[in-house]
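Work the whole structure out from these sequences, hints included.
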Amino acid sequence: MDAREQIFQQLIEDCGGGIARLAGSYARNRAEQEDLTQEIWLAIWRALPGFRGDSSLRTFAYRIAHNRSVTQLTRRRDSGDSALLDDLTDESPGPDMRLIQSRDAERLLRAVSQLSLGMRQALTLRFEGLSYSEISEVLGISESNVAVRLNRARERLNAKMRETE
Amino acid sequence: MNQNKVDKNTADFSGDDGLDSLAELWQQAPIAVPVPAVIREQVGRQERRMRLFALLEWAGSIVVGMGGLYLMLNSGLSDAPWRALLVVILLTLAMAFSVSNRRGLWEPLEESTRGYLDLARLRLVRKRRMLRFAWLLFAAELAIFAVWQWLSRFGWLEPIFVGDSAQAISWILAFAMGMGGWSLWYWRQIKSSEQQIARWQRENFESGGNNL
Chain A
1 MDAREQIFQQ LIEDCGGGIA RLAGSYARNR AEQEDLTQEI WLAIWRALPG FRGDSSLRTF
61 AYRIAHNRSV TQLTRRRDSG DSALLDDLTD ESPGPDMRLI QSRDAERLLR AVSQLSLGMR
121 QALTLRFEGL SYSEISEVLG ISESNVAVRL NRARERLNAK MRETE
Chain B
1 MNQNKVDKNT ADFSGDDGLD SLAELWQQAP IAVPVPAVIR EQVGRQERRM RLFALLEWAG
61 SIVVGMGGLY LMLNSGLSDA PWRALLVVIL LTLAMAFSVS NRRGLWEPLE ESTRGYLDLA
121 RLRLVRKRRM LRFAWLLFAA ELAIFAVWQW LSRFGWLEPI FVGDSAQAIS WILAFAMGMG
181 GWSLWYWRQI KSSEQQIARW QRENFESGGN NL
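So the protein sequences, as listed, match chains A and B. Here the first sequence stands for residues 1 to 165, where the numbers follow the working numbering. Here the second sequence stands for residues 1 to 212, where the numbers follow the working numbering.
No wet-lab data here; the hints were simulated from the structure. Some hints could be false.
Here are some of the chain B residues that sit facing chain A, going by a computed Cβ distance under 8 Å [as the list claims (entries may be wrong)]:
#: 1; residue: 32
#: 2; residue: 43
#: 3; residue: 47
Beta carbons are placed, not taken as given, at the ideal position from N, Cα and C, and that holds for glycine.
In structure tokens:
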């Protein structure tokens, strides 16, 4: 296995879940999410030879993931998100508590996907554990700008979550 | 990513931004656990498919062009070389346009959201240009056919349309109407995409200044 493959494998292990969740916030259903996730990984694979180490690998991967997601949005013809996650709601059978948590998580995902692009980008990165400086690096905005976006996103998210309760 | 990692990475936040509990909930969203080997395999497949499609597109154009030429030259018509020349000119024009219209559309100028939105906007501009070119080519072909038909009266060339001229005009009109319907639909698609991109741009200005 060459260096590129090793780095790629490491990235999948470190960011695989995060990128799948991020794709979920841009997709309207499971199939779209899987397609987007695949596209993101293909883009990361193709971009890896150009990685100069100016940022961390994680930041590099998330930047590509976000940009690919924007491309996905621009390709989409209609913007109605009513079908979002309809396919997912009954997919996690298990103990009651887990099911409730899972439904809450889905509700959160649905609410996040309804936010504006800028807020959604900042918020999903924050949820994946990136620091403000890393988020600013990924999105190419200042840290104070990140804070403003997150603050507004939190307010709108809480409002949306209350609406769907 | 586990919660420990989240805590470690958010350690440089200036304070509690009130998002920790939501972040925890976010991490519980049901997702398919990624299998590195499977993803690598998919990526390899996608890359091969992309190369194959590009190759097929070019090969297809060349085969159609060469096939058209072959049929034309073997048609037994006295003006076959002129017709073949016409096919070559029109095909070259179309392919040259196709190549130039795709220039700069593969990758954004910079790896940023702005770069990708700009790229999306450029793609719409090129789509509109493609639409205009399609109509120009259609009009040019009609003009050439008309001149050809007129020259055939003097016996210099063989007529393109023989027999009932009303039928030929009906076919051209039907084709033009079909193309018109498709153009209208395509134009509206471009317009709605433009509005959507503008909306994202506005939303981002609203939510975070001018630094999208």
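Hints the structure violates: just list their numbers, smallest first. none
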